[in-house]
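**Q** Here the protein sequences come in this chain order: A and B. The opening position of the first sequence corresponds to residue 1 in our numbering, with each subsequent residue numbered one higher. The opening position of the second sequence corresponds to residue 112 in our numbering, with each subsequent residue numbered one higher.
Bear in mind the hints are in silico, worked out from the structure with no lab data behind them. Honestly, I wouldn't trust all of these hints.
Each computed SDA-like pair below joins lysine to any residue, with the alpha-carbon atoms no more than 25 Å apart [claimed, not checked]:
#, chain 1, residue 1, chain 2, residue 2
1, A, Lys-13, A, Pro-96
2, B, Lys-160, B, Ser-184
3, A, Lys-13, B, Lys-172
4, B, Lys-182, B, Trp-194
5, B, Lys-217, A, Phe-60
6, B, Lys-169, A, Glu-99
7, B, Lys-169, A, Tyr-101
8, B, Lys-169, A, Pro-96
9, B, Lys-217, B, Gln-113
Remember, predicted model here, so these are calculated numbers, not experimental data.
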Amino acid sequence: ETGVTQSPTHLIKTRGQQVTLRCSSQSGHNTVSWYQQALGQGPQFIFQYYREEENGRGNFPPRFSGLQFPNYSSELNVNALELDDSALYLCASSFPVGEQYFGPGTRLTVT
Amino acid sequence: AQSVSQHNHHVILSEAASLELGCNYSYGGTVNLFWYVQYPGQHLQLLLKYFSGDPLVKGIKGFEAEFIKSKFSFNLRKPSVQWSDTAEYFCAVNGGGSNYKLTFGKGTLLTVNP
Numbered sequence: 001e002t003g004v005t006q007s008p009t010h011l012i013k014t015r016g017q018q019v020t021l022r023c024s025s026q027s028g029h030n031t032v033s034w035y036q037q038a039l040g041q042g043p044q045f046i047f048q049y050y051r052e053e054e055n056g057r058g059n060f061p062p063r064f065s066g067l068q069f070p071n072y073s074s075e076l077n078v079n080a081l082e083l084d085d086s087a088l089y090l091c092a093s094s095f096p097v098g099e100q101y102f103g104p105g106t107r108l109t110v111t
Numbered sequence: 112a113q114s115v116s117q118h119n120h121h122v123i124l125s126e127a128a129s130l131e132l133g134c135n136y137s138y139g140g141t142v143n144l145f146w147y148v149q150y151p152g153q154h155l156q157l158l159l160k161y162f163s164g165d166p167l168v169k170g171i172k173g174f175e176a177e178f179i180k181s182k183f184s185f186n187l188r189k190p191s192v193q194w195s196d197t198a199e200y201f202c203a204v205n206g207g208g209s210n211y212k213l214t215f216g217k218g219t220l221l222t223v224n225p
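Taking the hints into account, I'd like the entire structure generated from these sequences.
**A** Below you can see the structure in the form of structure tokens.
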């Protein structure tokens, strides 16, 4: 059984740029959720994708967007990066209801 | 809106001491409850979960948690901690029509001294 994988591991971007983060879900899971974890905080829900459709969204602006592909992998896109976007971005895969399994995260630094 | 409170930011124990980490949530409807652990340099891992049934749930590595509905609490316990339990522990909840998202507490850093 393959776990959740994310790429890249680390990323440094400049304010105003755009970034794409990638996630491959655990084998058999059809739902992917994205979370932002700022330093010293718990993860905060960004959005979830189920069968290629957004299935719920947290309190994040529209410049945070996503995609899910037919193989259930997913992308998180962030436009017009701000300094406060610096965080660990976590992807979790699951079935629509139940426990979520997390990947190692992508550390994004915005300068 | 759901919220989760973890009472202790940093807990320091010696090996063999007993552990209890507090967690309270705000939502009054049907909830699912989780404890996740993040060991240094590793990703978040599920420690245990409660969906329904016996309110005392057992997880991996000797951890257990008790769901007390009247207190909106889901405290994590371990009778005797080990140095390898040093990690950050997160309580999380979902439910009430928002099954799609987990709401996390801010986490408790546990340091176990040998």
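**Q** Look at each hint and say if it fits the structure.
**A** Taking the hints in turn, this is what the structure says about them:
Annotation: proposed proximity of A/Lys-13 to A/Pro-96 is violated, straight-line Cα distance about 33 Å (limit 25 Å). Only pairs whose Cα atoms come within 25 Å are accepted, and B/Lys-160 paired with B/Ser-184 is accepted, the gap being roughly 13 Å. A hinted pair counts as satisfied when its Cα atoms are at most 25 Å apart, and A/Lys-13 with B/Lys-172 does not qualify at roughly 39 Å. Under the criterion of a C-alpha separation no larger than 25 Å, the hint pairing B/Lys-182 with B/Trp-194 is inconsistent with the structure, at around 31 Å.
Under the criterion of a C-alpha separation no larger than 25 Å, the hint pairing B/Lys-217 with A/Phe-60 is consistent with the structure, at around 18 Å. With a C-alpha separation of about 15 Å, the suggested pair B/Lys-169 and A/Glu-99 falls inside the 25 Å cut-off, and the hint holds. Taking the CA atoms of B/Lys-169 and A/Tyr-101, the gap is about 18 Å. The hint holds against a cut of 25 Å. With a CA separation close to 24 Å, the supplied pair B/Lys-169 and A/Pro-96 stays within the 25 Å bound.
A C-alpha spacing of about 14 Å is found between B/Lys-217 and B/Gln-113, which places the hinted pair at or below 25 Å, so the restraint holds.
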